[in-house]
Structures are given as C-alpha cells and as structure tokens.
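With chain A held as given, fit chain B onto it using these hints.
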Amino acid sequence: MIRAEQQSSASSSLQSLETRFGRRVSAALSEQPLAHDIEQRLRISRELAVARAAAVARVSRGSGVVQAGGDSAVLGSWWLRAASVLPLLVLAAGLLLVEWVERDERIRAAADIDIVLLADELPPKAYADPGFAEYLKRAEP
Amino acid sequence: MATEQELSNFLRGVEKRAFKRTVYAVRDEDAALDIVQDAMVRLAERYGDRPAEELPLVFQRILSNATMDWFRRQKVRNAVLSNLSDIEASAEDGEFDLLESLETLESTEGTESAADAVSRTQVLQAIEAEIAELPARQREAFLLRYWEEFDVAETAEVMGCSEGSVKTHCSRAVHALAKALKSKGITL
Numbered sequence: 001m002i003r004a005e006q007q008s009s010a011s012s013s014l015q016s017l018e019t020r021f022g023r024r025v026s027a028a029l030s031e032q033p034l035a036h037d038i039e040q041r042l043r044i045s046r047e048l049a050v051a052r053a054a055a056v057a058r059v060s061r062g063s064g065v066v067q068a069g070g071d072s073a074v075l076g077s078w079w080l081r082a083a084s085v086l087p088l089l090v091l092a093a094g095l096l097l098v099e100w101v102e103r104d105e106r107i108r109a110a111a112d113i114d115i116v117l118l119a120d121e122l123p124p125k126a127y128a129d130p131g132f133a134e135y136l137k138r139a140e141p
Numbered sequence: 142m143a144t145e146q147e148l149s150n151f152l153r154g155v156e157k158r159a160f161k162r163t164v165y166a167v168r169d170e171d172a173a174l175d176i177v178q179d180a181m182v183r184l185a186e187r188y189g190d191r192p193a194e195e196l197p198l199v200f201q202r203i204l205s206n207a208t209m210d211w212f213r214r215q216k217v218r219n220a221v222l223s224n225l226s227d228i229e230a231s232a233e234d235g236e237f238d239l240l241e242s243l244e245t246l247e248s249t250e251g252t253e254s255a256a257d258a259v260s261r262t263q264v265l266q267a268i269e270a271e272i273a274e275l276p277a278r279q280r281e282a283f284l285l286r287y288w289e290e291f292d293v294a295e296t297a298e299v300m301g302c303s304e305g306s307v308k309t310h311c312s313r314a315v316h317a318l319a320k321a322l323k324s325k326g327i328t329l
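From first to last, the protein sequence lines stand for chains A and B. Position one of the first sequence corresponds to residue 1 (the working numbering), numbered consecutively onward. Position one of the second sequence corresponds to residue 142 (the working numbering), numbered consecutively onward.
Since the hints were made in silico from the structure, they are not lab data. Idealized CB from N, CA, C, for every residue including glycine. Some hints could be false.
[To be verified] Label pairs and their in silico Cβ distance ranges: (1) A:Ser16 x B:Gly154: 49 to 55 angstroms; (2) A:Ala93 x B:Pro192: 56 to 62 angstroms; (3) B:Glu194 x A:His36: 30 to 36 angstroms; (4) B:Glu186 x A:Leu97: 53 to 59 angstroms; (5) B:Arg214 x A:Leu86: 51 to 57 angstroms; (6) A:Trp79 x B:Gly154: 21 to 27 angstroms; (7) A:Glu31 x B:Gly301: 26 to 32 angstroms; (8) A:Ala51 x B:Asp169: 22 to 28 angstroms; (9) A:Leu95 x B:Arg191: 55 to 61 angstroms; (10) B:Asp169 x A:His36: 18 to 24 angstroms.
[Claimed, not checked] Away from chain A, derived, C-beta distances all over 10 angstroms, residues of chain B: (11) Ala172; (12) Met181; (13) Arg202; (14) Ser205; (15) Asp210; (16) Arg213; (17) Ser260; (18) Ala277; (19) Ser312; (20) Ser324; (21) Lys325.
The shape of chain A in the complex, shown without the other chains (with noise of 0.2 angstroms):
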C-alpha cells in the first residue's frame, strides 16, 4: 500500500516536472521573432481569412432574410408556379376546341350526304346494287 503510494507520488512529481520543462521549452520558442515577410504573408492570410468569413455572414444573413420573408414569399412562389403553368392549360384547351370542331364538321358533312341520298328519287339500296357498281366502272374511263 505505501510501496503503491510513493509510486503514485513519484509519477506525478515527473509529471509534474515534464510539465514544468515542456512549458520552458515552450516559452523559449516563443521568444524566436518570426522574419518580417513571412510576418507579413501571415498577416494578409489572416485578413483573406477574416474577409472570407465575413462573407459567409453576409450571404448566410441574405438567405436568412429570404426567409424571413415568409408567407409573402410564399405566396410570390405560387403565383410563379400558377404562372407558369398557364400556358400549357391554354394549349390543351385550345387542342380540344380544334378536336370538337372538327368533329362537329365531319358529322356535318356526313349529315348533309345523307340528306341528299334521302332526298334522291333513286332508293338507297339501288346504290348497293353490283348492276350500279358495274355501271360505275365502266362509266369511269
């Protein structure tokens, strides 16, 4: 037990004393001036460094007020969106307009031919007729 005692004690008196050397050393190199242009080069690191940072805040204060901007914002974005989206609504309904249109037209037509065969002295089944057809080939030259 004091066999274990006095080791601790002679541990951290070594420790203690490496502490005191490291930390002489330590301020022996301190005292070493640095070359004035190597001093100089650290110091325009430094202002790049400082400049950098202050950068950074000035963009991350910018998105900040972006959001800060809240439901305006929000609102602004949809409106974009909706405006965005317009354009392809006008070209579909304009496609389906021409689509009806054309439809209407080619019932019409259809419509105005059926009339003029019902309006016609001939029957409609003499039209089926393959003694018409025969006359419709040779007529045909």
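Using the frame of chain A, we list chain B on its own:
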C-alpha cells in the same frame, strides 16, 4: 458566434505558433505559409459561426488536417514512416534527470548582457533544431500540450489518438529534448 474582431484576434494570436509548427512538420516555409493560410480560410468559411472559445481546438484540427492533406498531395512517404517509427520507439531515456535540466533552465533567469543575448539566440536556435528533430507525433503532442497549452484530452482529440498515447508522446519528447539539450551543454 465569434465576431470578426474575435476571429481576427484569435488568428493573430495563433498564427506564429501555427506557422512554426507547420514548418517543423513540412520543413518548407512557403508550403507552411500556404497550409496556414488554407487552415485560416477553412476555419473562417466553415466554422466562423462557432463561439470564440471553440476556435482554438477547431483550428488545430483543421491545421493538422491541412498538413496531412499537404503530405498526401506531395506523397511524402517519409512522414508516414516517421509516424510508424514513432509508435515503435522505446523509452530508453526514462531515467534521465529532468530536475537537473530544469535547475539549469531556472538558474539563468534575470538580466543579461549583449553577449548573453547573442548566446541566448544561439541557444534558442539550438532548441528549435532539437524540436525539429523530434519524431512527428512526439513533436505534435509536445507542441500542442505545452505551446498551445491544450490539456491531454484536447490534444488527443486534435491528434486523433488516445489520451494515453498523448501522455507517452509528450513524456518521450520531454526526455528526448532534455537529453539532447544537456548533451549540448545548453542552459537557457
């Protein structure tokens, strides 16, 4: 969040030590300046919004990573080899009399003449040379622990190793330095 002034003051306070530590590691002043600048800019861009008291630890971590990046880019395999030899190093100097070295360090405190000042400059250069000679991991642990004044846990975090390893590296570094300085008859 650290203000611009706090960031500037922090960098001003740490830049000299950061530069010297990096020079010890890469042995090239221009490369060290580039690495320190890279670390400063990384800190400012990515961690500028952290509280000022967190900056020292974060900066040292960034600086270590930037230095490692430099080694990777340069493909300096010696750095890796020195790290490995560092792990394998034995503690043969455990019985060195530290107290003796400390006594010589402390006995020279006080006023000094011009000749003493010249001598002191030479001594300081010799100390720097001995620190540069330390294995990389020992040097990093020593400088973080005693120059940056990090505690063992913080040093371990920066170095990415256990606290036990930090203690071992520091102890070996101290004993190696003390032995080398004594062999040169250096008194501070």
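Verification of the supplied hints:
1. A:Ser16 x B:Gly154: 49 to 55 angstroms: violated (27 angstroms)
2. A:Ala93 x B:Pro192: 56 to 62 angstroms: holds (59 angstroms)
3. B:Glu194 x A:His36: 30 to 36 angstroms: Check passed, 32 angstroms falls within 30 to 36 angstroms.
4. B:Glu186 x A:Leu97: 53 to 59 angstroms: For Glu186 of chain B and Leu97 of chain A the Cβ distance comes to about 57 angstroms; the hint holds.
5. B:Arg214 x A:Leu86: 51 to 57 angstroms: About 54 angstroms separates the Cβ atoms of Arg214 of chain B and Leu86 of chain A, which means 51 to 57 angstroms holds.
6. A:Trp79 x B:Gly154: 21 to 27 angstroms: Given range 21 to 27 angstroms: violated, Cβ gap about 53 angstroms.
7. A:Glu31 x B:Gly301: 26 to 32 angstroms: Cβ of Glu31 of chain A to Cβ of Gly301 of chain B: about 30 angstroms, so the range 26 to 32 angstroms holds.
8. A:Ala51 x B:Asp169: 22 to 28 angstroms: Holds - the Cβ-Cβ distance for Ala51 of chain A and Asp169 of chain B, about 26 angstroms, lies within 22 to 28 angstroms.
9. A:Leu95 x B:Arg191: 55 to 61 angstroms: Holds, since Leu95 of chain A and Arg191 of chain B (Cβ atoms, about 58 angstroms apart) stay within the stated range.
10. B:Asp169 x A:His36: 18 to 24 angstroms: holds (19 angstroms)
11. Ala172: holds (12 angstroms)
12. Met181: violated (4 angstroms)
13. Arg202: holds (16 angstroms)
14. Ser205: holds (17 angstroms)
15. Asp210: holds (16 angstroms)
16. Arg213: holds (21 angstroms)
17. Ser260: Holds, since 13 angstroms exceeds 10 angstroms.
18. Ala277: holds (17 angstroms)
19. Ser312: The assertion about Ser312 of chain B is violated, with a minimum of 6 angstroms to chain A.
20. Ser324: Non-interface label stands for Ser324 of chain B: nearest chain A Cβ at 15 angstroms, farther than 10 angstroms.
21. Lys325: holds (13 angstroms)
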